[in-house]
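Next come the chains, spelled out residue by residue.
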Amino acid sequence: MAEHFVQPPNWGWYIVGYFFCAGLAGGLYVLATMLRLWGGARDEGAARAAFLIAFPLVVVCGILLTIDLGQPLRFWHMMINTTPGNTGLNFKPWSPISLGTWGLLIFGLFSFLAFLQSLGKLGRGNSVVEILGSLVALFLCSYTGVVLSVSNQPIWSDSWAIGGLFVASALSGSAALLTLLARSRAGAEWTEPRLQVADGYFAVLELLMIVIFFLTLSQAGAAGKMFSGLWLVLWILVMISLLPAFRGFVGGRRLQLAGAGSVVTTGTATGMGSLSAIVVLAGVLIMRYIVIFSAQT
Amino acid sequence: MAEPVGFFTDSSICIGCKACEVACKEWNQLPGNPPKFGDGFDNTGQLDAENWRHVKFVDLVPDAPTVVGNGNAWLMLSDVCKHCKNASCMEVCPTDAIVRTEFDTVVIQQDVCNGCRDCISACPFGAIGFSAITGAAHKCTLCYDRLQGGMQPACAKACPTQSIQYGTLTELHKKADARLAALKSQGYDNANLYGRDDSIYGGLGAFFLLMNKPEVYGLPNKENAVLPRRNNRPGYLGSLVTAAVGVFAGLIAFRRRAPGEPAAGDAAVPPAGAP
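Protein chains in written order, with my numbering: chain A, 1 to 297; chain B, 1001 to 1275.
Chain A extracted, bound-state conformation (with noise of 0.2 Å):
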């Protein structure tokens, strides 16, 4: 069993809201590849709306990073070395949050070429750099997690499957969130049960990354402290946002194999209405603060 002696390093909401905003922007930008390369014409409104909405998150994942920080002005420190005689770039690969930055970088070169080709600044989207772009926009989404595994707090270090839950759970958010987005776009009445069945496959996914990260922690001995009192509660919570995604895959799977939905009035018959989008939005948002605040306390 494992045990801890370490102090918590007080990571608050602004974490919260960086792993949240992080999430959904990563995983925006990479259902609007996906909805491009497999997608047909009607599903360009969702793409574009995506690659739209994933810029500004990236730039709101800046903010609260930097203010998260006890000396803001510093944050420059994360990609150039200030030690005397040993000036030059920082960049350590088995420090989660040295890749992290790069990474956060590098995504927001991508994701603001694509906001600007989304207003139709740059002309058209290349399909080899919006691939490339979604490989660091899934890096984006899981090293958040593995910021947590690669530490020695309790409950963090205890469990490797943070990054696959965060992973899992971004697609399923920004899947709902897309859903909500592209509702006015034209196309969206054939583009949202196909996002209703994708936001059910993730949250599979997703509940099968709690599963394994319960697992580990058992292993570890520590899942008693994650998965007892408010926890408990809030876990049911987190369960039961998944739900409207299960329900919407239903309807959209149902509406898919029916023709493709044209007729359909958007989110109505297939029951992923906004407050279902909500909901599952929420869940995600109240996972990441179970695992953040739940080792620190």
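Treat the hints as calculated values from the structure; they're not laboratory data.
Ideal Cβ placement from N, Cα and C applies to all residues, glycine included.
Just to be clear, a hint being listed does not mean it is correct.
[Unchecked claim] With a straight-line Cα cutoff of 35 Å, these simulated DSBU-like cross-link-like pairs (lysine-lysine) come out:
1. B:K1085 / A:K92
2. B:K1213 / A:K225
3. A:K92 / B:K1222
4. A:K225 / B:K1085
5. B:K1157 / B:K1184
6. A:K225 / B:K1222
7. B:K1213 / B:K1085
8. B:K1213 / B:K1157
9. B:K1213 / B:K1184
10. B:K1036 / A:K225
11. B:K1025 / A:K92
[Said to hold, decoys possible] Selected chain B positions facing chain A (Cβ under 7 Å, derived; list incomplete):
12. I1120
13. A1122
14. A1136
15. G1218
16. P1220
17. N1224
Start from chain A and add chain B according to the hints.
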């Protein structure tokens, strides 16, 4: 580089006077914090940004009269940053603010640290604290400024029982080995050296003679003295597999396209400002 130096803290002769705490605060000009009065003599609480030495009191005195404690009833230990050979804090620090000095000690450069606090989550000994006043992480420097001036650290100089000894690690290891042998010969079978060899983070620059198991003093044992980077590979691998499954799920969900319909990326780009 000078010969590596460090602390040998012999808990068997610590009397809990806290002269080390006072000397440390005095020399390093650390602000005092309100004392905490609980059920014991410990009113410092823990190592943090304002307390770089902390005398731990471990009360194992039985409630009912019994046999003699064999040196285990009332344990005291002046805790401090261990200046690990393989330091978890150095490993994760993204700004490289935490460096190894010419004395083989570990120091946080105050003008480089930006207060991300990752080192605090990594230090297995809870030896680093965050100061809201300076916005940076702080811990024992092993009196780096005094070492540069050829002096010994303030705590070692102030310790009245020589429980805290300063010197080269080679010299301190010899003293520790001799002291352990003496205690064993007197029947103190639980006495042990913590961090003397490389089993704890490759060896500690500040190592201890303990009268009980490390975990009794709030120190991780060999099995739990692990580096944060152990979770890098499984963490990223787990993420990669999850991401791959997620992308595959996206392929299944999005692949259907109406017959003859162009791909989404092939749709005409709308004029600027279009929704």
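Structure-based check of all given hints:
1. The straight-line distance between the Cα atoms of K1085 (chain B) and K92 (chain A) is roughly 18 Å, inside the 35 Å bound, and the hint therefore holds.
2. Taking the CA atoms of K1213 (chain B) and K225 (chain A), the gap is about 25 Å. The hint holds against a cut of 35 Å.
3. Between K92 (chain A) and K1222 (chain B) the alpha-carbon distance is near 27 Å, which keeps this suggested pair within the 35 Å criterion.
4. For the given pair, K225 (chain A) sits about 32 Å from K1085 (chain B) by alpha-carbon distance, which is consistent with the 35 Å threshold.
5. At most 35 Å may separate the alpha-carbon atoms for a hinted pair to count; K1157 (chain B) and K1184 (chain B) meet this at roughly 28 Å.
6. Of the pairs offered as hints, the one joining K225 (chain A) and K1222 (chain B) holds, with about 23 Å between alpha carbons and a cut-off of 35 Å not exceeded.
7. Among the hinted pairs, K1213 (chain B) with K1085 (chain B) is consistent with the structure: their alpha-carbon atoms are about 22 Å apart, no more than 35 Å.
8. Of the pairs offered as hints, the one joining K1213 (chain B) and K1157 (chain B) holds, with about 28 Å between alpha carbons and a cut-off of 35 Å not exceeded.
9. Note on K1213 (chain B) and K1184 (chain B): the hinted pairing holds, with a Cα-Cα distance of about 15 Å set against a maximum of 35 Å.
10. For the hint linking K1036 (chain B) to K225 (chain A), the alpha-carbon distance of about 27 Å falls within 35 Å, and the restraint holds.
11. Note on K1025 (chain B) and K92 (chain A): the hinted pairing holds, with a Cα-Cα distance of about 34 Å set against a maximum of 35 Å.
12. Among the interface hints, the one on I1120 (chain B) holds; its C-beta lies about 4 Å from the nearest C-beta in chain A, closer than the 7 Å criterion.
13. Given hint, A1122 (chain B) at the interface with chain A, holds; its Cβ is 5 Å from that chain's nearest Cβ, closer than 7 Å.
14. Among the interface hints, the one on A1136 (chain B) holds; its C-beta lies about 6 Å from the nearest C-beta in chain A, closer than the 7 Å criterion.
15. About 5 Å separates the beta-carbon of G1218 (chain B) from the nearest beta-carbon of chain A, less than 7 Å, and the hint is met.
16. Because the beta carbon of P1220 (chain B) sits about 6 Å from the nearest beta carbon in chain A, less than 7 Å, this interface hint is met.
17. Hint status for N1224 (chain B): holds, given a least beta-carbon distance of 5 Å to chain A, under 7 Å.
Comparing the model with each earlier hint shows no violations; every hint is respected.
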